Every structure is written in C-alpha cells, then in structure tokens.
Amino acid sequence: MKYTLEDQVVLITGGSQGLGKEFAKKYYNETENTKIIVVSRSEAKLLDTCNEIRLAAHLRKETSDEGQVQHKLATPLDPVQRLFYFPCDLSCYESVENLFNVLRDFELLPTQTLCCAGGSVPKLFRGLSGQELNQGMDINYKTTLNVAHQLALAEQTREHHLIIFSSVTALYPFVGYSQYAPAKAAIKSLVAILRQELTNFRVSCVYPGNFESEGFTLEQVTKPKITKLIEGPSDAIPCKEACDIVATSLARGQDDVFTDFVGWMIMGMDLGLTSKRSRFVALQWIFGILLNIVVVPFYLVGCSWYIRKWFRESDSKKAT
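For the sequence shown, position 32 matches number 32 in UniProt numbering, and the numbering has no gaps at all.
Note that these hints are calculated values from the structure, not bench results.
Every value quoted in this text rests on a predicted model; they were computed, and no experiment measured them.
One or more of the hints may lead you astray.
Derived lysine to any residue pairs resembling SDA-like cross-links, with alpha carbons at most 25 Å apart [what the hints assert, rightly or not]: (1) K142 x E52; (2) K223 x K309; (3) K223 x V102; (4) K317 x F298; (5) K45 x E155; (6) K225 x F174; (7) K35 x V102; (8) K223 x E197; (9) K2 x N51; (10) K35 x L5; (11) K223 x T111; (12) K123 x K2; (13) K123 x T217; (14) K317 x K26; (15) K26 x N51; (16) K26 x Y299; (17) K26 x S304; (18) K26 x T111; (19) K2 x K45; (20) K188 x K223.
Please work from the sequences and hints to get the whole structure.
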C-alpha cells in the first residue's frame, strides 16, 4: 500500500500541536483534494490550529479569503471545506466510539490515520504523582489503542494506512522516563500484533528522536539531570524537518521510521522476534549484532556506574 498525501481522508490525533499539527499543515498545503480531520481534547487549540493553517495557506497564495470558516464537524458541512476538527478525549473509549459515529454520518471515515497524541513528564519515579502516572498511560497508550480498535471495526475489508507514533525510549528505556517509556513500549507491542491481525491494513510505526515542539520545551523543565546525562547532547531538530523525514520514509515503503541515525542504530540493537521494516534493514541487523557484542556491555556498565554515583551524591546532599 503506497503512502501518498493526495486524495485521502486523513484523521490526525494530537493534531493541535507538535508533529500532529505539522502533518496537518503538510496535508493541507501540499494537496488539493485531501480532507483532514484533526482531533484532540481542547476545542480552543483545535480551532486556533485550523485557523492558523488555513490563513497561512491563503496568505501564501495571496488570496483575500480571511473570513470565518466552519471547521468543526457539524451540520451543515461545507462541501468545499477540507480542514475539520473534532474535540474528543481519545483516552475514553466511548468518546472515540462517538467520534467514529460522527465520521460515518459525514462519510468521512479515514483512509489514513496518524496517531500522534502523546506527551512525557520526565521525572524520577518517586517524584511522580498518581495523576501523572495515569496520564502517561491514558495519553501515550490508550489514545492509540482506542482509535486503532475503532478503525479495525470500521474498516474490515477496505485498505487503510495506520501510522502510529511511538518513541526511541520504547527501544531504550532509561532513568527519568518511567511515566512515558513503558506506554511507548506497549505501543511497539501493539504494532507488532496489529501487523499480524489486520491484513487489510498497512501499519507503520514512527520512533522519533528529539524535535522542537511545545511538549519538548515543557519536558526540559522537569527532566532530571541524570536523564540529561544519559541522553547526552541530542539537539532537537525542527518539527517540520521531522515531519518531512517521516513522510519521505513512508513514501519509500519503510514501516519502522526514525528521524535520526541514533534511533536507527538503537533499533538494530533491539534484536527480537518482531519483524523490522526500516531503511537498510540488513545493514541495521549487522550493526546491531556488532554493537551488542562490542559496545553495549561496556556502555551499560558505564551507565549503571553514572546512575549509582548520581543517586549517592543526591542522597548525600539531602542528608546535609
């Protein structure tokens, strides 16, 4: 199933910010017939996103269309309109069920779905609240789980391209990401199972590294120093660049997608029983085998030493 931008009905979850918003821009600006539905919890953010995308596009085309446009999926629906939004708590199954009922009513069941909803609160495990722990599973796993299940029920024969966004931390979880990485690892497992069961679906999984977004900026506020030390110097690439890398990789037929070389190497080291569908997959396996033998054992010893040392120093400071 070839990935194309044009002549699609695209559902984008987490579409009010970050990569979801960037993909909404890309579809709107680079197509003429594709219809885009962006979904998140905040109606105000969704409305701002739709207005921003439409007005920016019309300004570039030097047209005078600056009037109010009905973007919300509601009656009456403008047949010319291509960009819509629908507020929905995707972590609630009943809300997602209602979303798909609305899409059926308007004959807008998607041909492509991008599950971009997610967010991290990087803290040490003891520093997290119960609400933050629950939020981690709700936003990073249940939003995708619920949408994928409704899609599977709605599209039992027609081809569909489901694009799910996980994280490199699903392949390499480490200190500071206990609220986030386990949910993203669950996404990785879900993808493997959906590829086996949903034979009429193309299921792609994206493992993005750091990219500039509102969420990335907020993460730096709570991220522990030891987490930054283990991560090392990893500059965030522009969100548009990350979006373009993902779109290009999907168009090339890759279904395990990375936005940087580090992520590609880490998947090579993640040997297991799930199939790999990334770029240069044979070379990736060879790299992974060599790194697992030569580099990984020493790296893990070094990481363990740094973590123990950091906690000892932190405990000493608390004692004084």
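- Message: So if I understand the rule, the pair passes when the alpha-carbon distance is 25 Å or less; does K26 with S304 pass?
- Response: Violated - the C-alpha atoms of S304 and K26 are around 42 Å apart, more than 25 Å.
- Query: Between K225 and F174, does the CA-CA distance stay at or below 25 Å?
  - Reply: Given that 25 Å is the threshold and the Cα spacing comes to 13 Å, the pair holds.
- For the pair supplied as a hint, K223 and K309, confirm whether the alpha-carbon distance does not exceed 25 Å. 18 Å, holds
- Task: Please work out if K188 and K223 have their alpha carbons no farther apart than 25 Å.
- Result: Distance of about 24 Å is within 25 Å: holds.
- Query: Within 25 Å, alpha carbon to alpha carbon, are K123 and K2?
  - Reply: The given pair, whose Cα atoms are some 40 Å apart, is violated under the 25 Å limit.
- Take the C-alpha atoms of K45 and E155, compute the straight-line distance between them, and say whether it is at most 25 Å. 29 Å, violated
- Message: Just to be careful, I want the Cα atoms of K2 and K45 compared with a cutoff of 25 Å; is the pair within it?
- Response: Distance of about 32 Å is beyond 25 Å: violated.
- Message: Check whether the Cα positions of K317 and F298 lie no farther apart than 25 Å.
- Response: Distance of about 29 Å is beyond 25 Å: violated.
- Message: Tell me if the straight-line CA distance from K142 to E52 falls inside 25 Å.
- Response: Since the Cα atoms of K142 and E52 sit roughly 29 Å apart, the hinted pair is violated (cutoff 25 Å).
- Query: If you draw a straight line from the CA of K2 to the CA of N51, is it 25 Å or shorter?
  - Reply: 30 Å, violated
- Query: Given the hinted pair K26 and N51, is their alpha-carbon gap at most 25 Å?
  - Reply: 15 Å, holds
- Query: For the pair supplied as a hint, K123 and T217, is the alpha-carbon distance within the 25 Å limit?
  - Reply: Holds - the C-alpha atoms of T217 and K123 are around 15 Å apart, at most 25 Å.
Of the numbered hints given earlier, the model fails hints 1, 3, 4, 5, 8, 9, 11, 12, 14, 16, 17 and 19; all others are met.
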